[in-house]
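In the numbering used here, the protein residues as written are 1 to 444.
Some clues are possibly wrong.
As the list claims (entries may be wrong) - Here are the computed distance ranges between Cβ atoms for each label pair:
#1 231 - 410: 29 to 39 Å
#2 170 - 326: 42 to 52 Å
#3 219 - 326: 16 to 26 Å
#4 420 - 52: 29 to 39 Å
#5 217 - 182: 19 to 29 Å
#6 100 - 52: 15 to 25 Å
#7 220 - 410: 38 to 48 Å
#8 360 - 112: 37 to 47 Å
#9 244 - 304: 33 to 43 Å
#10 335 - 238: 42 to 52 Å
#11 326 - 390: 39 to 49 Å
Calculated directly from the structure, the hints in this document are not laboratory data.
Using N, Cα and C, we set each Cβ at its ideal position, and we do this for glycine too.
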Amino acid sequence: MTGTAPRMLNSVIASLRIHRAWSVAAVTFVTIIGAAAFASLPGLLIDPLHGEFDWSRGTIGFAVSVNLALYGLTAPFAAALMDRFGIRRVVAVALTVIAAGSALTVVMTEPWQMVLYWGVLVGLGSGSMALAFAATVTNRWFAERRGLVTGILTAAGASGQLLFLPLLSWLVEDHGWRPAAITVALSALAVVPFVWLLLRDHPADLGLAAYGAKEFTPKPAPVPGTARRAVTVLLRAARTGPFWLLAGTFAICGASTNGLVKTHFVPAAHDHGMAVTTAASLLAVIGVFDVIGTIASGWFTDRFDTRRLLAVYYALRGVSLLFLPMLLAPSVELPMVFFIVFYGLDWVATVPPTIALCREHYGDDSAIVFGWVLASHQVGAAIVAFAGGVARDVFGSYDVVWYASGALCAVAALLALVIRARPLPPAPVAEADRSPRDCRMVRD
């Protein structure tokens, strides 16, 4: 029975003459959606945990920051693990760890338990499901349309947010935060058999070439020394300027999205009298437009200068954040709707051009390099998740954090423009076109 579903799927796809790469991308998309519930919950937990346990927002923000930091720091090692043990095994284990960490939170009574269960376990599991997963699938299965596929897979997280945020906010407000945590655990577990039966590690497993490839590429042998390889790739990349520029811009990206808006938008809106379910629904609407913006960004990445795309994205995001403190109110007015649409289109539009620049500069190591760049994204997110909670405790509002993040986005726009394009290799010279001097150089 275990092999029946994959064989039936192969026969259906073959009859439709659809390259299997697209079905693998579809499985990856659904997997990321199913695992997205864990990313929707932290912002909904701050007020309930503060009310039940009297923990400060800084303390809760610290647990969230550990989650975000490990999400990023795990990613490069997860990419190397996928090269060693295969995508399917790594993702299945990661989903199980997420489910365990989320389920254990329902019995916690001390802050250190939240740090361990939600911060460490869910952070490690989600890090293995990070965007390095999407980058690995794209690099292995697609030789063409990589920007578009990257945009679609990146949008999966936003789609999951769209599906889970209204449900989780309703559970938190009407039934408490514990049923919401159990829902996250069950949703992660539900995806595991789907991954195990339908996801495949490499086109060569099915005797296929990657989509758009001109020739068949054998499956590479498993790469031993996972941790050593991840660190070696980091050390090589760290000697190049583009790595630090990409890491810097992506750290600001994380600070201005996951660390700030995803973690603190709901409690900030609630401070201004907005209902939690209403604020969570606005985040879900951001997810709707994020899908559109990210897929469009993937399409743009295949056609335009990726550095300029990044500069435009960061500049527009910074402008929108500077206006946000003036838009928060008990009810949703038209200017807030405009912000939600505008910010949503830009939410993770930065991912496809960032992955493309990693691929351009680092070739076969690009998935692991992007994992390290993603680590900087999550470190930036972690810092702001913690700093935002502390700022709220100290100043009584989040305004200073919104303004600081808007200014950081302007810095990211400038950094993106500094990244140099990698020069193309010189075109080969035909024998008939060589000058006599060229011929003497060849003979010498």
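Status of each hint after checking the structure:
{"no.": "1", "hint": "231 - 410: 29 to 39 Å", "verdict": "holds, 33 Å"}
{"no.": "2", "hint": "170 - 326: 42 to 52 Å", "verdict": "violated, 29 Å"}
{"no.": "3", "hint": "219 - 326: 16 to 26 Å", "verdict": "violated, 55 Å"}
{"no.": "4", "hint": "420 - 52: 29 to 39 Å", "verdict": "violated, 52 Å"}
{"no.": "5", "hint": "217 - 182: 19 to 29 Å", "verdict": "violated, 43 Å"}
{"no.": "6", "hint": "100 - 52: 15 to 25 Å", "verdict": "holds, 22 Å"}
{"no.": "7", "hint": "220 - 410: 38 to 48 Å", "verdict": "holds, 42 Å"}
{"no.": "8", "hint": "360 - 112: 37 to 47 Å", "verdict": "holds, 43 Å"}
{"no.": "9", "hint": "244 - 304: 33 to 43 Å", "verdict": "violated, 24 Å"}
{"no.": "10", "hint": "335 - 238: 42 to 52 Å", "verdict": "holds, 43 Å"}
{"no.": "11", "hint": "326 - 390: 39 to 49 Å", "verdict": "violated, 23 Å"}
Hint compliance for this structure: hints 2, 3, 4, 5, 9 and 11 are not met, and every other hint is.
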